[in-house]
Amino acid sequence: MSYSPEHVAFREEVREWIQAAMPEHLRAKAEVDAAFAHADVMEWHRILAAKGWAAPHWPVEHGGTGWDTTRRFIFNEELELAGAPPLSPFGLNMVGPLLIQFANDWQKQRFLPKILAGEEVWCQGYSEPNAGSDLASLQLRADTAADGGFVLNGQKTWTTYAQYAHWIFLLARTDPNVKKQQGISFLLCDMRTPGVTVKPFLTTGGTPAFCETWFENVSVPRENLVGELNQGWTYAKALLGHERTLVSGVGISARTLLRTKRIARDKLVDGRPLLEDPTFRAKIARVEIELEALRMVVYRTVAAAQLGHAPGAESSILKLRGTEIQQACFDLAMEVMGHDSLSWFNRDGVVSAREQSVASSFNYIRAATIYAGSNEIQKNIIAKYILGLPG
Amino acid sequence: MSYSPEHVAFREEVREWIQAAMPEHLRAKAEVDAAFAHADVMEWHRILAAKGWAAPHWPVEHGGTGWDTTRRFIFNEELELAGAPPLSPFGLNMVGPLLIQFANDWQKQRFLPKILAGEEVWCQGYSEPNAGSDLASLQLRADTAADGGFVLNGQKTWTTYAQYAHWIFLLARTDPNVKKQQGISFLLCDMRTPGVTVKPFLTTGGTPAFCETWFENVSVPRENLVGELNQGWTYAKALLGHERTLVSGVGISARTLLRTKRIARDKLVDGRPLLEDPTFRAKIARVEIELEALRMVVYRTVAAAQLGHAPGAESSILKLRGTEIQQACFDLAMEVMGHDSLSWFNRDGVVSAREQSVASSFNYIRAATIYAGSNEIQKNIIAKYILGLPG
Amino acid sequence: MDFELSADEKLLVETVQSFTKKDSPVERFRRLRGTELGWERATWKQMGELGWLGVSFPESAGGAGLGFVAAGLVLEQLGATLVPEPFLSSVVLAGTPLAAAGTPEQHERFLAPLIAGDTALALAHVEAQSRHDSASVSTRATRAGAAWRLTGRKRWVLDGHGADHLLVSARTGGSERERDGVSLFVVDAAQPGVRLERVDCMDGHKAALVELDGVEVDATRLVGPEGGGAAILDLALDHAAAGACAEGAGLLARALDMTREYLMQRKQFGAAIGSFQALQHRAVDMFVEVELCKSAALLAMIKVSDPSGAERMRAVSAAKAQLARGGAFVVRQATQLHGGIGVTDEHDIGLYFKRHQVLAALFGDFEHHVARYASLPSFDAHV
Amino acid sequence: MDFELSADEKLLVETVQSFTKKDSPVERFRRLRGTELGWERATWKQMGELGWLGVSFPESAGGAGLGFVAAGLVLEQLGATLVPEPFLSSVVLAGTPLAAAGTPEQHERFLAPLIAGDTALALAHVEAQSRHDSASVSTRATRAGAAWRLTGRKRWVLDGHGADHLLVSARTGGSERERDGVSLFVVDAAQPGVRLERVDCMDGHKAALVELDGVEVDATRLVGPEGGGAAILDLALDHAAAGACAEGAGLLARALDMTREYLMQRKQFGAAIGSFQALQHRAVDMFVEVELCKSAALLAMIKVSDPSGAERMRAVSAAKAQLARGGAFVVRQATQLHGGIGVTDEHDIGLYFKRHQVLAALFGDFEHHVARYASLPSFDAHV
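Protein sequences appear in the order of chains A, B, C and D.
So the first sequence is numbered by my numbering: it starts at 23 and just counts up by one.
So the second sequence is numbered by my numbering: it starts at 23 and just counts up by one.
So the third sequence is numbered by my numbering: it starts at 340 and just counts up by one.
So the fourth sequence is numbered by my numbering: it starts at 340 and just counts up by one.
These are computed hints drawn from the structure, not numbers from a lab.
Be a bit skeptical, because a hint or two may be false.
What the hints assert, rightly or not - Derived PhoX-like pairs (lysine-lysine); straight-line CA-CA distance at most 25 Å: (1) A/305 with A/130; (2) B/130 with A/305; (3) B/130 with B/73; (4) B/406 with D/360; (5) C/606 with A/259.
What the hints assert, rightly or not - Just the calculated beta-carbon pair ranges, DEER-fashion: (6) A/47 with B/293: 55 to 63 Å; (7) B/82 with C/346: 44 to 52 Å; (8) A/46 with B/298: 48 to 56 Å; (9) C/600 with A/406: 27 to 35 Å; (10) C/717 with B/59: 30 to 38 Å; (11) B/30 with D/366: 56 to 64 Å; (12) B/330 with A/259: 38 to 46 Å.
Given the structure is predicted, the values throughout are model-derived calculations rather than measurements.
All C-beta atoms in this analysis are idealised placements derived from N, C-alpha and C, irrespective of residue type, glycine included.
One chain only, chain A, in its complex shape (with noise of 0.2 Å):
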């Protein structure tokens, strides 16, 4: 729980490189907590890329930055602290180490860097309409074509931002006769090849983050399989385990409550600061505290892994608990605003623009319980592989 003097050190490196690194227009939109565009996250990303810190996690040969567990973790929490913006997980986060652990050398080259540059988007494909918490019944078909190429018909759901995307990776079946787990192959395609239509539409925040995409014969050539053919499902639990620690999110419940401490400073009734009423403190110490123990978790978590320990049961609450966070958060931001709670996309100057996109995210953040492996399939999984209680 003491950080060592070099530990020290880096952070106010960190400290002062965002200070000075991040541009006008983005620090604005941080002090206000306003929401960023994705042009300002692709605009970071490749501020970070050319510091060479967009990945730190990944292997110093693919562009990451060797450094311990502990600077990882005081790099994120300073980001966290500056408001910057959060990069897209899709290419950086999950498809990339995903290739670094399975693709050949020919896809790692041609992919990698384009990700850690920024310069290719990349979105996911594994959930469709009659395939969500049980995935593996995916029907989103992959027939081999004379060329030893695949040709992909079907649709996927939730392609969260495939609009901005250049390259989708997706999970589709290419041997339909074999158990349902075992037929699925891992594929990466090209969002600009004939064939593919996107169809962008609201999320419950009002804003255009999911998509619907549709595969009418698109051709994906041999060498975009990744790893071998049939074994996607196994590629694909790889990641699953992988994103469940990341969308703890720990770092935006820690903005959000500040946010909402901050809505409160500001929110004068009757001359008096909404924060200085006692009922609101002890609401908002309510989550605080348990966000704190959460981040103990995390803090565990990345110290195990320091030592090259395997996560500890420990981690595997991190979703679960951290998702019910992040909507207690918005809960309490929602209530500190009083009528100014009702805005929906108002002009600016309606509400504070710290309050402007509060609703919105408040809506959209029900689905943190729903995404990356809803919790109650988390709550299967630890009941089954933590717990061992009986199928």
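Given chain A, work out where chains B, C and D should sit, using these hints.
Just chains B, C and D, lined up with the frame of chain A:
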């Protein structure tokens, strides 16, 4: 929601009668919410019986009062407000109504008057060590004897207050060769028959409420079979439904909240009553609000019954939420007591008389969500029969 | 004790139900939320003709005199399909103070056309600093001869963008948050000096920001006694809160139904997901909260007309707190159990989620009503 | 960042674990709770000989100087099987202020025999009106020449019935609740004027009511500066709270294990009840709370020695609140999932339920620690 003038006058009559009829030593206990002994309960039972008010809900021909549902409701509210000892439910509310519905004339004449008068105390023999939630798998054998009577062998558990009981009503297996629900009969057994052994044991509340009861070659005459042979499950199910509305415990909860407020009123923290603390008031209010909503469900159920309607869907939540609220009330009482909540059966005066039994009840009340069909079983039932969700 | 509906009430419920089913299913709301007004004047007129808008006003004020329960029953049905017409905002929130405190002439001029469905009324009482305190009014009304001149800013005037008249709270005396000195005035929305800006609300409804810049009204526009508006506003807010509970009860019951249907229809792992015990028990927990919300709302609908202010406040605060907390559980779990589609704008459940959130926030939120409940004399009764 | 245990710490944990397994399983507690003392002096002596009682005291005070984490690790293991010896009350709660503020002579006289397991110490600080406020002290200490004379009543002196020495808070100056003016004195339990009454606690532990009637102590019995006892008490209470969290973490982890075992072994409807999804998910919810309690407790164990009082209070209050709320969920569900046998005194789970309740109530309950957490400067950091 408004009472007729007749109902208002009735309330006045009941209130005055209780005030006059309740002996001083019972009133003194009620005043400080002290626990009532079995003898206290039976004394009060006989006073009510002498007035003809022991079983208002029974048909007039069996000693009921003929009151409409509203009057019965008012009567209960006044008993609750006076803190009168709650009568034992096993005779009056459980086996009594069942006998009225299913027994033959001889049985009615033999048993009902003594239940009413408080001359014979009853207990319930349903659960067994391996038949709890899955009650139908009970194994207590009732073999047919040469004279047509039965011979009981086996064990019942959770036979609450069996140590005081003259009679037990029980479910026994009379045919082991059919589907488990079908070979069960409903028998009445004299607890003084040779071969019956009762062993009381302590609850976590430190009180000897529970018993285990063994039957070793216990003779039960044929005349003590209620209804038809092997039809006992049907009768028991009817009774379980009745028990559900009984255990909502709105009265207990209201009384416990009042008690909590009184403790908080008397608990001076540096000269100021804890009841004035806004945080406590809000905490109590949150539970009281839920209780008020539940009370309204009771009102609606009562009103529907008044009009001769079957209990609606809403009545099914009474046991579920009612028992959760009972527990929440004791949580509050413990919190208010602070350090004094530690006290466990110490001499009078270590804590105030009103606080004396709180910790015991706080522990024992955990049973409320378990007994009378655990809340999990209730949820299974509601999911299936009310929400119509698939098996 | 009798909670059976009267023949009149039963008929009313059936009529509204058949209207919502045929003429205003959720798709209608979905379509209208994108329009400028958000609702339709023709439908409003139709509601007036059917007698719904005046159903709870006393006959002396031109209403049907069926009591507030009748309005609650209408709202419960409207809530079930998210009917967008401004019944809660216009009839209950703004109409109640006018009916209760208005003169016969004011009833004739402002309430009668509302009851007929010819006009809409809005209550302009929220200010930037006021939160849930009806006496926190900084808008000022100063005398200008026999007339009054109003200056100030109001926020979140529900359905104010489509209103013909605004009932405005303004300070005619007293200091900042004093209960004495608040007065109510009817202002024409089209009057000089009134600036209305339409704003969008989370739930697809609309509201207005209102600027009053020396708006002049004559003495006939003062509703209730000069300086005695705070009590009238409290009455209005309690009626609106009870109405929100009624609408909420209808909304929540439908959200539960939709969830139940989804659980039976959606298949994963080769079975309807409604066969999974953990989801079944969740659905039961939702059912419990819905029943409690319904019961608490009914009590509030009955008691809101109680001559004892304490009885009124007790029942309304209990119901509103129950709507906020129990209802939040219901819509959150409804969303969760719908899975991915539950968080898309394409599915209706999100509309129910949003409307619940707004109903829970308006007219005093959870903490406000819990604190008020705990401050009533009844809380210390028998202690 | 490094949460690995040192070799010393690992050895300590293993030693305590093997002791609890072999020499003090739950049955031992069950047997001893019915005895007058509730624990055994021979075992206490054994613990002293094993070096556990001084593990966290500084070497300057005769301890092993391993830091508070070591004491926490011992407590976690003792909590798992409900070992009844007064480690928390005597070593942590009463020992901490003596170690922190005592003179070398006082260490020698009062701490050394405690560390050796020859004596037990108890802290007498609770009074009828004091609740969680260490400065609320009405017991008075007045000067009598070079000595002090103590008069007052103390309640719920944990394990005071078996203590050889009492550390008593008494007011030497200041008014009612002033922080200045509280002093600490060591009193012999057997001294004239000291009346101890043994009382039973819910969790099977014992405490004492203490009456001090002009008890005379000389100046060598004053611990810490005259009038400066409140800060020392706060330090003691925070250490005890952190210790309660550690003991609680061990207790909760075991309660979860017992529940898991029961779910796998108990059969109903022809299957282990642990195969029912609703119960599985409940067990997972318990698991989550246990992990959070463990993590929060570890943080408190580390930070309680932080030179910054604010850091200490923040971590301790967070952990104590988590123990109270999260832990309550765990023991309540553990009871519920055990069904009928869970509410009998014959089954161990009820013992865990009770001990948790007491640990949650002592040294500041949920509301106290939430309010304190919210009042710290860190709560407003960066805002």
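Results for each hint:
no. : hint                         : verdict
1   : A/305 with A/130             : 48 Å, violated
2   : B/130 with A/305             : 59 Å, violated
3   : B/130 with B/73              : 21 Å, holds
4   : B/406 with D/360             : 46 Å, violated
5   : C/606 with A/259             : 22 Å, holds
6   : A/47 with B/293: 55 to 63 Å  : 58 Å, holds
7   : B/82 with C/346: 44 to 52 Å  : 32 Å, violated
8   : A/46 with B/298: 48 to 56 Å  : 53 Å, holds
9   : C/600 with A/406: 27 to 35 Å : 29 Å, holds
10  : C/717 with B/59: 30 to 38 Å  : 33 Å, holds
11  : B/30 with D/366: 56 to 64 Å  : 60 Å, holds
12  : B/330 with A/259: 38 to 46 Å : 60 Å, violated
Taken one by one, the earlier hints fail for this structure at numbers 1, 2, 4, 7, 12, listed in ascending order.
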